[in-house]
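Sequences listed follow chains Z and B, in order.
Here the first sequence is numbered in this note's numbering, starting from 1 and rising by one per residue.
Here the second sequence is numbered in this note's numbering, starting from 1 and rising by one per residue.
No lab work stands behind these hints: they were computed from the structure.
Positions of the beta carbon are idealized from the N, C-alpha and C atoms, including for glycine.
Be aware that a few hints might be false.
[As the list claims (entries may be wrong)] Okay, the calculated beta carbon distance ranges per label pair:
1. B:63 with Z:30: 42 to 50 angstroms
2. Z:44 with B:57: 21 to 29 angstroms
3. B:26 with Z:75: 21 to 29 angstroms
[Said to hold, decoys possible] Computed footprint of chain B on chain Z, listed as stretches where at least three residues anywhere in the stretch have a Cβ under 8 angstroms from a Cβ of chain B:
4. 22-33
5. 41-48
6. 78-92
7. 100-107
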Amino acid sequence: TQLLEQSPQFLSIQEGENLTVYCNSSSVFSSLQWYRQEPGEGPVLLVTVVTGGEVKKLKRLTFQFGDARKDSSLHITAAQPGDTGLYLCAGADYGYGQNFVFGPGTRLSVLP
Amino acid sequence: DAGITQSPRHKVTETGTPVTLRCHQTENHRYMYWYRQDPGHGLRLIHYSYGVKDTDKGEVSDGYSVSRSKTEDFLLTLESATSSQTSVYFCAIQSGLASGNTIYFGEGSWLTVV
Numbered sequence: 001t002q003l004l005e006q007s008p009q010f011l012s013i014q015e016g017e018n019l020t021v022y023c024n025s026s027s028v029f030s031s032l033q034w035y036r037q038e039p040g041e042g043p044v045l046l047v048t049v050v051t052g053g054e055v056k057k058l059k060r061l062t063f064q065f066g067d068a069r070k071d072s073s074l075h076i077t078a079a080q081p082g083d084t085g086l087y088l089c090a091g092a093d094y095g096y097g098q099n100f101v102f103g104p105g106t107r108l109s110v111l112p
Numbered sequence: 001d002a003g004i005t006q007s008p009r010h011k012v013t014e015t016g017t018p019v020t021l022r023c024h025q026t027e028n029h030r031y032m033y034w035y036r037q038d039p040g041h042g043l044r045l046i047h048y049s050y051g052v053k054d055t056d057k058g059e060v061s062d063g064y065s066v067s068r069s070k071t072e073d074f075l076l077t078l079e080s081a082t083s084s085q086t087s088v089y090f091c092a093i094q095s096g097l098a099s100g101n102t103i104y105f106g107e108g109s110w111l112t113v114v
């Protein structure tokens, strides 16, 4: 059974601070996605990483896929209250099908 | 925007009544999914579909059935709702491989069984 772990589970920081959240597994994934979910809404895709070692940037967010495609990190620079939400990572198995594995999420609160 | 619409968005129903949630997509994706999200359990797959009339069970399929008579619509039915099925339900579609095998979610349907 494929499992994804996320750490930390909860994170509360002040506006302007930097943070990193982690997504780890013992399984290899063909791709990995990061989502942000706000209360009362569905998860919204932030990024998909496909290649081992890949780094993608989305404004103040930097995503990295591990070389072995088993783990990923999300780094936020100068966090803002608008970054508050539940961050989910999801790993995709090869090919089409039902094989998406979701982490439990990191709940981030950025205080003004 | 992945072109996914869920209905109803909110529903309160009584124990033992049937409930159907609808997912409609506008982009002709082959794969569609129903997940439920609960505190402490995260997102769990209920059923998925890989084409018209082609469906399969997920991790938590007991008490649920699905149907897909058209590419664009994927229905989730609770034949006899129970309080344990109080949850938020998300429909999702899978994009093509060229995009990195990604799924996109709808906005959710909040179901309360009283």
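We went through each hint and held it up to the structure:
1. Taking 42 to 50 angstroms as the suggested C-beta distance range, the pair residue 63 (chain B) and residue 30 (chain Z) does not conform, at roughly 32 angstroms.
2. Judged by the Cβ atoms, the range 21 to 29 angstroms given for residue 44 (chain Z) and residue 57 (chain B) holds: they are separated by roughly 27 angstroms.
3. Remark: the range hint 21 to 29 angstroms for residue 26 (chain B) to residue 75 (chain Z) is contradicted by a beta-carbon distance near 35 angstroms.
4. For the segment 22-33 of chain Z, the stated coverage by chain B is satisfied: 3 residues place a CB nearer than 8 angstroms to a CB of that chain, which reaches the threshold of 3.
5. Remark: the segment 41-48 of chain Z is confirmed as covered by chain B, as 6 of its residues place a Cβ nearer than 8 angstroms to a Cβ of that chain, reaching the required three.
6. Closer than 8 angstroms: that is the beta-carbon criterion, and the segment 78-92 of chain Z has 3 residues meeting it against chain B, so the requirement of 3 holds.
7. With 5 residues carrying a beta carbon less than 8 angstroms from a beta carbon of chain B, the segment 100-107 of chain Z meets the three-residue requirement, and the given coverage holds.
Hints 1, 3 from the earlier list are contradicted by this structure; the remaining hints agree with it.
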